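S.K.: Protein chains in written order, with my numbering: chain F, 1 to 273; chain A, 1 to 282.
Rather than coming from a laboratory, the hints here were simulated on the basis of the structure. Here the structure is a predicted model, which is why all the values come from computation and not from measurement. Just so you know, even glycine gets a beta-carbon here, dropped at the ideal spot from N, CA and C. It is possible that some hints are incorrect.
[Said to hold, decoys possible] If you want the footprint, here are the derived chain F segments under chain A, 3+ residues with CB under 8 Å: (1) 25-37; (2) 104-113; (3) 130-137; (4) 163-177.
Each chain is listed here by its residues.
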Amino acid sequence: MSTLAVAESGGGVGRASGFARTWLPAALVFGIGLLCWQWIFPDVLGVKPFLLPRLSDVLSALWENRDALKTAAWITFKEAFGGLILGSGIAILAALVLARWRPLGNALIPYLIAANAIPVIAFAPITNAWFGTLSPWSKIVIAAALCFFPVLVNTLRGLTSVHPSSIELMHAYACPQRTIFWKLRIPAAMPYLFTALKIAAVLAMIGAVVGDYFGGSTESLGVQIQSAVALSRYELGWAAIVVASVIGSVLYGAVALAERFVIRWHPSVRAVD
Amino acid sequence: MINVIKRVAIGIAVLVGVCAFYTGYRELFLATGWTWPFEVDDITLPSLPSIVGALFDPVQEDGELLISLLFKAALFTAKEAFVGFVIGTIVGFTLGAVIARFQMLQRGLMPYVVGSQTIPILAIAPIVVVGLGSLTIAGWTPSDWLRVSVISAYLTFFPVTVNTVRGLESADPRAIELMRSYASGEWAIFLKLRLPSSLPYLFGAFRIAATACVIGAIIGELPSSIQGGLGGAIINFNQYYVLNPQNLWATNLMAAALGISFFLVIVIAEKLLVHRPPETLT
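Okay, chain A solo, but in the shape it has when bound:
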């Protein structure tokens, strides 16, 4: 309990520190008129009170409040990211399990699974989202948000595959021999031994993927006419940035909150499910 209180206290201190730094930087540069590295004014760095105030102002005359609009947008983006996360995890885990089972596949595929991490995958988001829009399978076209989920799934899939292979192979060889000596089948070894010992690795991948799937969803919304989410809101408010810079800042704060929430959900799930912490996890 004391630990929790301490954590919360430090968290608040960090938050206050960041706000103080932002305001201090702004005031200092406004007072001295320094223009390096960039000119500071109400447009480049809107004051914190004006950003918070914008949250509770209607976006248009007599329209809904910015905060409720952003909340809906965050839920929309969260849906895309979550569906992508689930699809990516299922595909990644299945592929990882198959790769771990067959040595030859591992030698053939793993260099490319690892190598694919040197590719700026996020860059293909517009091509895939726009491209999928003209796809029809037996009269069915994927809906807008599902096309964005594909990007999230894609970004989730890579870390999950790599860590599934590592995790399934991390089972203690002596324990495997023991189970074999009891004449356990490969399936029983998989369920009772390999799967539990892969959990810490899986969660390592989930932490990376939780962040990546939110980024994928936001970037995936950019090129298309998908307006419901945070990416659409960013594009929209970016066009009116000179008039209302606070709106874009508020949207980005909401995006940051969404990313951190996804991450925290995984961290909490990990605390509940994994009792034996791994020695090293990045």
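Bound-form chain F, shown alone:
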């Protein structure tokens, strides 16, 4: 979206005012959003605290429970991060294998896409039975399973998205298959891979938090949310969700940052600068 805005404001408009035009509406909406959360929802519209507690109440719950939330955030972050690495790693390896045997990969892609429609998170009780409810591995494995299909499908698409004329050119230069793979297929797959990793970063976080709803360590973020809701301490529940959102955004941001370094040459990244 920001690419679009920058391109539009480029024509004849000064850089500073272009910046203001791009970001002012967003900043305005942010301010209005906070105002609504703090005053307009609870006072004017009468939104009850069990739906969305006042912003200042959520913030003070965040501050009062900072130690418990910090511990929970660290446990859940480790689970999500482990799941992201494990799931994406296996998916990338599988994509490399399937891209090597093209007919197999092409035949399997529709089924992999359909498998992506399986509500994997519902299998969390089973990983609990495998590794024990309190073990972090039950959450890591479910987070990894959530990441697996999107990363596999996108990486495979990327590896097979090379333009045929590029391959012909490489053949004309008598390049061996291995060179084509390293110089052509891997770079072509990178934008697809990073798109998938960004999705997977959020999915891993969902796996770690929602996996807890089926049972988990009492110190973890998901169980904290669940017990806060059970005790009608909604502001604490929302505070924990704010923490989960921040971790999700940080994971997402880390992948987006890595993307900008790894595929600097790609138009979608260059246009942002």
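Start from chain F and add chain A according to the hints.
M.R.: What follows is chain A alone, placed relative to chain F:
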């Protein structure tokens, strides 16, 4: 026709392959006694015949068969997911159309619509479902399943909004100029040009949403006392997992079938309605 037969044949081969892998893994680990990464026995990985057999056993003494119970639960969850899907699509499309119409709104709102995808939205399911339970609007309280639909609607709404904006803006500018030169109103341009050209994008969103609304419905059933659906069945069978692990596995297979069915309905609808495939859709 040959294509269809080929597809079905590959589908069966994939299914057989998955079953063979599961059984092979189970037998290998049982035979060797390997315990890494987890111990394999009849509780952690119940045999396939026992899972299928459980489907045709009564759940309680002289009660109804598991398969009929699960079928009813799947229909219940499907109802929640479908209603959520429809609500989410209507809200998402309307918001997307408004955002696409006004540049300022787009700059103001789109960063947050996109940014909201970095938030584990599913995590708020228990809070919203439990919270809505104590809501009364003029003496009317939303019924249990409708509260769960709100989660499905919420998960549907985001991808639909984003793709509606992208789709409505994907109309060929030359075609828009042509219609303007014929003095067509904005409304006619919207109906005859923008809406048709947004269809491929809309279906891209529907594919994501079809999966998400089923997940939302299952997770939404967890915290509350909503027993009729698959989420309730999962919680229920999870408590008796050590006694009857097959029941939970069978429930999860039913959940997987439901998710895939929703997805396939969208894929088939897309084949029927969209004749021009888009160049790139995720």
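S.K.: Provide an ascending list of the numbers of those earlier hints which the structure does not satisfy.
M.R.: As far as the earlier hints go, only 4 is violated by this structure.
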